[in-house]
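Chains as they are written, first to last, in my numbering: chain P, 1 to 184; chain L, 185 to 725.
Watch out, some of these pointers could steer you wrong.
The calculated PhoX-like cross-link candidates involving lysine-lysine, where the alpha carbons are at most 25 Å apart (straight line), are [to be verified]:
| id | chain 1 | residue 1 | chain 2 | residue 2 |
| --- | --- | --- | --- | --- |
| 1 | P | K162 | L | K397 |
| 2 | P | K154 | L | K397 |
| 3 | L | K301 | P | K38 |
| 4 | L | K660 | P | K53 |
| 5 | L | K270 | L | K321 |
| 6 | L | K624 | P | K37 |
| 7 | P | K39 | L | K660 |
| 8 | L | K301 | P | K39 |
| 9 | L | K301 | P | K37 |
| 10 | L | K301 | L | K219 |
Honestly, the hints are just simulated from the structure, not real lab data. These numbers were taken from a predicted model, which means no experiment stands behind them.
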Amino acid sequence: MDIKLKDLIEGKRSVILERWFDAIIETYPTDATGFLKKKQDRFANPVGHAISKGTEGILEVLVGEKELTEDLPFLNDIIKVRAIQDFTPSKAISFVFLLKTVVRETLEKEIRQNQIYDALLRFESKIDDLALFAFNIYVKCREQIYELKTDELKRMTYTLLKKANLMYEIPVPEFEIKDPNCNT
Amino acid sequence: MAKVEKVKTPKPEELSNISYHPPATDWMDTPTEFKPGTYCWGAKEKDLITLGLPNPRQWSPADEDWKVPEGWETTILDGIAERLSKYRSFKVFMDICVRCGACADKCHFYIATGDPKNMPVLRAELLRSVYKKYFTKSGKFLGRLAGARELDMDVLKEWWSYFFQCTECRRCSVFCPYGIDQAEVTIIGRELLNLVGLNIDWISGPAAACYMKGNHLGLEPHAITGNIETMCDDIEEITGIRVNPTFNRKGAEILFVTPSGDFLGEPGIYTCMGYLMLFHELGLDYTWSTYASEGGNFGFFTSNDTAKRLNYKIYAEAKRLGVKYIIGGECGHMWRVLNQYMDTWHGPADFLEVPVSPITGTRFENAKSTKMIHISEFTADLIKHNKLKLDPSRNDHLKVTYHDSCNPSRGMGLLEEPRYIIKSVCNNFYEMPENTIREKTFCCGSGSGLNASENMEQRMRGGFPRANAVRYVQEKHGVNMLANICAVDRAAFPALMDYWCPGVGVTGTTELLANALVMKGEIRRTLDIRLQDLPGKGGNE
Ligand code: SF4
Ligand code: SF4
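Make a model of the complete structure from these sequences and hints.
This is the structure in structure tokens:
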């Protein structure tokens, strides 16, 4: 990555992270009280914690030298949370793109003064790549929710399946699984 | 206005075209949405008929028309009036909240969503606003200025949505300076909904099955005995010992009742095998019942009357069999019902005796009226008196943490016994952080009948604060097993762990005990209770 831009970003790292975090929290339409913004306790506010830790990790990877891959635990952590939070798929991963705006706005003057638009563009396309990975992770999370239902049904009927020697042969139904008789 | 939103796949151009500043609206003006994955299916006609509950019909929460009966407003308002006069607590809870906000951020559903209507204070306000309008002077005259509002169909739908997004876990009440118990408000809210036929399938189905067959799963006697026989076969394979339980045996000293989830599902059956092994080893004079074959009580999530009816069979069976007292298995809400309601409904059980452990002689004075004790109390007492031979090294491959199930911890104060058992049978035990355990424990997110599968997304949300703490000990100490004493936990946690903390298994406490229990005359153990090779014990690992 361009040294100049990297220095600029690192110089304003905490401002960028703060603004990015705030912009992400604003995607929660219902959080009128600002609860999710409170970061003091990771157990009292796990969503805020996942986002603040996640954004730190992601920014580090983006300005670092390492190749981007899908195996980004921080990205994974944020998306896992957003995949179950009532967002449309686009909104769920929109937080990645927010970083573009935040960087542009925060470093507007510096970028103009140093004429490093090319570097900025390259940085932004790296964010685009990240967004594609983010989308893959999102889809995996959503698929997993369906698998959880199938697996749960198998566990619930374990004894019956075992008796019938069916344990490894149950077809995976394509429809919503629902058996009101399976309960505890 | 309630509306249903389908999940859309985004178009590429949508990705760059997102509004980041959605308007915040006053909660009274924010419509309730029913998105797939976040609500449970409506109660079935046949089940409401079985239970004799109002307004049986086919309906779906996704439909615009919920087919509530003509004049439903009067039914609900009369229902509120009746409960205000019947339950002093309800009246007090409606009147005394000072909106201090201490409870606001203590609910797992709120913590995971940031949705203000999931704040306990606002959840209560959904009902309180209607109470104000029709039952207080200020509300009648000042209306919205006094936080009052009319009861209409949108309000009813909102109640349904949010009272079935509360797991009645009572975490919020721990923090309320006035002791307002939102779980009680939810219980009443659900009762009111029930008056016009608005329950969920996952609750009314099991309740109906229990009413007809004695257990939530609808297992008939031969299925219960058959499943337990299968467990006995497995126990024989593991230990070389044939366990011979009895069923419906008159004159036994003790009746044992456990949630029916332990008869069928995984990992519940391993806990059940644990009970069988423990009782055999003690030579306990006890019996199972194929009639009172359910410790849990999904009627409790419907109405007080339904809960009471379903609960009665436990005493009826104890009387029929002529036992001296009852031991109950590992379950959550079962113990809230037994500890806080059974005595009022059907007690004192004078035909039974105060439980005395035949092994240690301990007299369980705490159960002197109900005559029913928890398996963890019973077991912890045995260990305390050195009555069990244990080899905790058999659990050395496990790093265990313990989840305080909401009801036994907050509903009956059972905090030490399960920990004492686990520490006696496992060498590696790690607590989760202080503000997530004991009285402050986070709910599994699936309690109070919300452990259906169609609402999986909602369950993953509600369970996130719990899972987040498990993940912490997983990362810090390598924890790979989550122990509990609740059948809903055992059913619901595996999915939660798979999503948030892959690699963490789920177990009942008695399963851990059974693994460590050295039985008289047993073969050298190479298998654990799940018939897996025991690491380091000469299995084929
Ligand atoms: S009882 Fe539990 S689920 Fe219900 S509002 Fe309180 S904390 Fe939330
Ligand atoms: S803590 Fe109690 S008094 Fe305070 S807002 Fe919550 S319910 Fe009301």
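Output the numbers, in ascending order, of every earlier hint that fails for this structure. No numbers; nothing is violated.
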